[in-house]
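Going down the list, the protein sequences come from chains A and B. Quick note, the first sequence lines up with residues 1471 to 1732 if you use the numbering used here. Quick note, the second sequence lines up with residues 123 to 378 if you use the numbering used here.
Keep in mind that a hint or two might mislead.
Stated by the list, open to error - Beyond 10 Å from chain A on every Cβ pair, some chain B residues (computed):
hint	residue
1	F176
2	V234
3	R255
4	V364
5	R368
6	E376
Said to hold, decoys possible - Listed next, the stretches of chain B that the computed footprint assigns to chain A, with coverage defined by at least 3 CB atoms under 8 Å from CB atoms of chain A:
hint	stretch
7	147 to 157
8	161 to 170
9	208 to 220
10	297 to 306
Stated by the list, open to error - Partial selection, computed: residues in chain A whose CB lies under 7 Å from chain B:
hint	residue
11	R1496
12	P1499
13	L1503
14	V1507
15	A1511
16	V1514
17	L1611
18	A1646
19	Y1649
20	P1650
21	L1653
22	T1662
Simulated from the structure, these hints should not be mistaken for laboratory data. Beta carbons are placed, not taken as given, at the ideal position from N, Cα and C, and that holds for glycine.
Below are the chains, spelled out letter by letter.
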Amino acid sequence: MSAAARALRYLEVVLAAARLQITGMRGSPFPILLGVVQPAAYLVITMHGRALTPEAATTDMLGTAMMTLWGSTIWSAGGILRRERAQGTMPQLIRSWCDARVVLFGKCLGAVAVSGTAISVTTTVMMLALGTPVHVDRPLLFVALAVLAALSTVGLAMLLGSLFILTRAAVRISEALMYPVVLAGGLLIPLTLMPSWLRWPSWFISLHWAQVLTSECALGRSVQPGQVAALAALGVLYAAAGVAVFGRAVDLGRRRGTLEFF
Amino acid sequence: MVWRARLVCRLSLSDFLVVYPVRVFLSSMLPQALMQVLFLVLLGRMLHLGDDTFLMTGALAQVMVGETVIAVADVLVDDKDSGTMPSLRRGVMPVGLVAALRAWVHGAHGLVLLVCCLLVDSLLLGSPGLILRVLPLLPLYVLMALSSLGLGLAGAAVATGRRSDVLVGNLLNTVIMLGSGVLVSLGHPGGWLRALTELLPIAHGLPAVREFIAGRSDFRDVGWEFVVALGWFGVMTAVLRVQSVRARRTGFDEFA
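One chain only, chain A, in its complex shape (with noise of 0.2 Å):
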């Protein structure tokens, strides 16, 4: 089979798992709670009853946006490796004549095709609701940023996903991990009410620069090649670290014998 036949039977499997993905999440709660609901009422928080330059309400609106966009990857994607072993399909997932961890990726790019999606469309409904004005210059690249930061965030729910197998506290720890990502990423409240100690973790997440490039974008300001270069690399990072981690999880299973095991 010539390297590009390969690729489009890869990218066939990356589709139909996302497409997989994407009609498996139909049934759960969690894209309307995380998707809808938590959005919406963190915007009727932070909108309710102040009179916001569009400048502001852009900066809350990209902020709630990436908080959720949080929330819903630690959430839906960190879980769908434990799910394809509670199901009993991760060991028909790791003999397939393809590689897992394309299955894993498209997985969680439907996953975090859909948060983003439903993220998108509450908080344009809302801010058409609230009637707040939002300012977005340069939409070309705004999206394209979006894209760009979803993408990475597809990186870190590999990352999530891998690790959330090899330990049954999974649930448990992304509880955990919800509030300090948020605060520590600058995500909703900005770093400059956090005391200097705290600010350098945000370097090391991705959503954070999400939020600091669309906002940057969205309100005129030039936008750094560095925090580009940073948010690719992190998303890069994160997915590299997923793979390495999920090799180790199947590795770890096949001696153990517990592949199946939930």
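Go by the hints and put chain B onto chain A.
Below, chain B without anything else, positioned relative to chain A:
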């Protein structure tokens, strides 16, 4: 009857400690609650929604509600999962009473989280004086725990049969966050939206806490919070009763 009630309470504690042992509490639940309060207070500070007393009292109530409205659904979900509801209905104690008694552990857990958050987050936020101002008002939070348990159980009674307990619990939690004055109050005084929020748990207890801290006695709101608590427990009992009667008459059991 007292012996049976004590047994139900003891068993619910045992059940809770099996699912959530102390190490889970310390490693996951407590850090999450601490960070949630920190987040809500910092968010309130950023948005200038009120002073630290206002924000902390609201954030503490919200943390408690996470347990008393969302997690309390386990009380009924476990019966659906285990298929034990028919046995429960044949028991001596009414199902509603069993559910209410079992729920005490979630209320207590919410209050433990609340006290821990008060002690730690007040120091972290540089407002240690809040500890002494809020702690004496713990009985009011107990009342709010009761009223929110009533709503949580009523929601779970409706939702568990349709496997939508997670959705309904979280929706109710969000409604309380938006409608009960945790950080903001929706609607205008005298308007229909504000009138609806009066039916929510915490909507009266939280203003009472804030009034007492400000040195003004507000027993009227305390009374209303008590009425709301009774009302939601009544709704829960009625829903479970209707479900029992329907299961007997038609054979359609939502908990089967």
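Verification of the hints:
no., hint, verdict
1, F176, "holds, 14 Å"
2, V234, "holds, 16 Å"
3, R255, "holds, 23 Å"
4, V364, "holds, 24 Å"
5, R368, "holds, 25 Å"
6, E376, "holds, 18 Å"
7, 147 to 157, "holds (count 6)"
8, 161 to 170, "holds (count 6)"
9, 208 to 220, "violated (count 0)"
10, 297 to 306, "holds (count 4)"
11, R1496, "violated, 13 Å"
12, P1499, "holds, 4 Å"
13, L1503, "holds, 5 Å"
14, V1507, "holds, 5 Å"
15, A1511, "holds, 5 Å"
16, V1514, "holds, 6 Å"
17, L1611, "violated, 27 Å"
18, A1646, "holds, 5 Å"
19, Y1649, "holds, 3 Å"
20, P1650, "holds, 6 Å"
21, L1653, "holds, 6 Å"
22, T1662, "violated, 10 Å"
This entry does not satisfy hints 9, 11, 17, 22, going by the numbered hints stated previously.
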